[in-house]
Amino acid sequence: MKMAKIVILGAGVSGHVAAAHLRRKLSKQHEVLVVSPNSNYQWIPSNIWVGIGRMKSKEILFPLPPLYKKKGISYKQAKVTSFYPEGDIETTEPFVNVEYVVGDKKGVSEKVTYDYLINATGPKLAFDMTEGLNPGTNKAYSVCTYSHAEHAWNALNELIQQMKQGKKAKILIGTGHAKSTCQGAAFEYILNVEQELRRHNVRDNAEVIWIANEHQLGDFGMDGMLLSYGNNIMKSSEMVEMVFEDRGIKWIIGAGVNKIEDGVAHYETLEGEYKSETYDFAMLIPAFSGHGFKAYDKNNSDITEKLFKGFMLVDADYTPKPYEEWSVQDWPETYQNPSYKNIFAPGIAFAPPHAISKPRLSKNGTSISPAPPRTGMPSGITAKLVADNIIDSINSKNKMKHKGSMGNMGAACIASAGFGMTKGSGVSITTFPIVPDYNKYPETQGRKLGKTFGEIGLAGHWLKLALHYAFIYKAKMKPFWWLIPE
Amino acid sequence: MTQRISKSKRFYMMNPIIQFFKFIWLSIKILVIVAGGHGGTREAKN
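Going down the list, the sequences are from chains G and E. First residue of the first sequence? That's 1 in my numbering, and the numbers climb one at a time after it. First residue of the second sequence? That's 1 in my numbering, and the numbers climb one at a time after it.
Within a straight-line C-alpha distance of at most 27 Å, the following computed DSSO-like cross-link-like pairs (lysine-lysine) qualify:
{"id": "1", "chain 1": "E", "residue 1": "K9", "chain 2": "G", "residue 2": "K448"}
{"id": "2", "chain 1": "G", "residue 1": "K448", "chain 2": "G", "residue 2": "K235"}
{"id": "3", "chain 1": "G", "residue 1": "K440", "chain 2": "E", "residue 2": "K29"}
Think of the hints as simulated: they come from the structure by calculation, not from any bench.
Isolated chain E, as found in the complex (with noise of 0.2 Å):
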């Protein structure tokens, strides 16, 4: 096993408080990439 994550970004990654804007951060952030559209891509070529 070798430690590839440091321990103050472990603490980032796990500490509920942070993590909790986090979640509202990536709830909206994939809402507008996944919601935000999809399309053909023919009509541009043409």
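In isolation and in its complexed conformation, chain G is listed as follows (with noise of 0.2 Å):
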């Protein structure tokens, strides 16, 4: 059997998980090889927790070249700056470029050959596209890393500090750009930071405000959902709305942030009404994008269009179609790229064939609608699949059988609502589908009840708890990891 070459860009969720369970079930002839900028492991679910002050970043993240070297994975501390998937007129082989971050390497390229190829490289945060836009500055703050969690607190803290003096401020929570997505993770951070105001007695001189571009609360870039709740049939809105009015949280929807200046949040609304919000602390998730990453033939002719359409191109339907005519079979089931079937993109890295919730215009034109969520389990799910298949590949087996679309794949959502081990709170949120099907559950939403479920309580945050320790096990490989899924 020849030896097979995987390398995998990135080492979050989805990287990481590719990579564990490639070493664990290849051979040592093959070769596991992971390039990624970041050394250090983070469990991403669990910044909210480090943006509250509750826990620590090293409580979070863990560094991966020790742990990879053990377990025979090989490493670059890189970022990939180009794809030839042809190879060049000097290498036959399809290989990256990569350009080494740290050390004496830093700023050095290098072509990095493989035989398979997995882009587990994320979004881009880009703040950019949003001006005045950028964690720690002008009084907004992100919790999307740890560092910018740790950012984050201290602020928070320094606002808590001010108003024990009798300070009266003003709290903005929720989405930095008309078309972020991840409003799950703000919405956890809105009732941590909501909860640690009682904490420190100052819930009174606050007013705590949610922002975000969904069109009702509770979207979640999901196009909500109709779920179970005790015995009762509930809408994610009718949820979140609950939750938030006994908390005292006040909301705007439809907002598009478009600018942010100091301690200002401007934006536009559905109406096409042009608004400002004032603030003292603000945490608000960036819009997410491709890194514009370019690709090249053998002849060094720019073949981008052909692997990327902002996120990498894989087995979707991208045909532009209208929103009454979107289908779960628009969704990819493999993660692998049309033109190079040697190139897989699991996780965010993959380009949705469209959003999952209602596209929405303001009056002036501007889309004011999330982006489709695909964070957290999805990503590992994704990942695993990718890898067996490309197992499979390697041992000549059946190839692709493994397949998992978002509109055939469930996700739990364990929302923090508050950190605590007796006062702690949590909304477990679980959706079957991911994405809607219509046609198989026409009368519920397109999700099927009982699957798609909602609970609050303290159960809860221990849940996120648990999971938190049980993830973090498993990305560490320790023995039997592998139990745990994904």
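Please assemble the complex out of the two chains, which come individually in their own frames, going by the hints.
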């Protein structure tokens, strides 16, 4: 059997999951190489708790190089700059150009050849798409990375201390662009911040406001959902409204934030009005975009459009069509690039065929609606199935047997609503499928009731905490780690 | 601030004993839903 070299770009949830499964299941004659500019693995869902000062960064991350060395996974701390899926005049094998980011080799470029390539580079946090939105400036922060979350907590803590002296403050949390996604993270953060304000006895001094590009609360970029809640059937919008009202959180929805100034967020509404909201502290999720990679053929001609449409092209149906004609069949099953069959893009790196939420334009023609979320659980599941298909391909077994469309996959969102073993809370929501299948479940808004349910309570906090420890255990590849599902 | 969650419901949501059993139930239910499998959608269409 020929030795195969699998190169994985990125060491986030999907890149690391793919590397771990490939290394466990492939014999040592095959090489698994991870290329990532960040040498730490971070369990991103717990950034929320770093952002309220209830966890330290070191509790949610660990260094990857020692683990990879121990497990026989090669590693380069570098970033990919360009793709050559046919090789070039000098190199007959396909390769990617990478540039080292630290050490003696910093700035040095290198060709990394591969037999199989997994692009798990995730999104670019496109703060630059909103004027003035830059974490740590203009009193606006982010919790998208652990360092962002640390800065957010430092600023929030300072504000809390001022509020203890009697200062009245306005806190704005939500999405920082008309096309942002990841509303779930902002939802968690606002509930955690609100609870922390109560814990510090300054809640009465704070006005807490949710701002989002959703046309209604609880959309979460997933077109909302109808869910079982105890013995009732409830819309996610009703559930979120209930929680917000109960916590005294105000909301602004259908808002596309387009400019941030010092303590002022400017936004356009779906009604076409241009408004602004002042604040003393803001946490705004930016737009996500592709990394702007370029691709070239063996003659050095630009073939970027064969690999990328912002994010990487995979086996989705990208035919433009109106919302009414969208179907779950449009969504990819194997995450394989159609032009180059040895390239895959699981997790957030693949280009979605379209949004999940209904697209909406403001009266001025500005698109204000959430981009589709693809974080967490789907990232792990799609990375594992890509790894399994590559293993089958190497072993000459059935090719592309493993499939996982987001239209036939469940996901759990355990949203922290406050930290604390006895005072904590969580909003546990599961959805099946992630992308609603309106043909299969026409009377329940495209989802299967029972498998799509919501729960609020202390157990949700324990569950999120248990998942934190379980997934870090799994990521560290400790004994029997593979028994923990993605 | 508008009270939207009744006192009895809040007691249920925050009682550690009740919530311990809820934790077990949630863990199993989520495991079944998420680890219960996934697949394609196109073969079903064809």
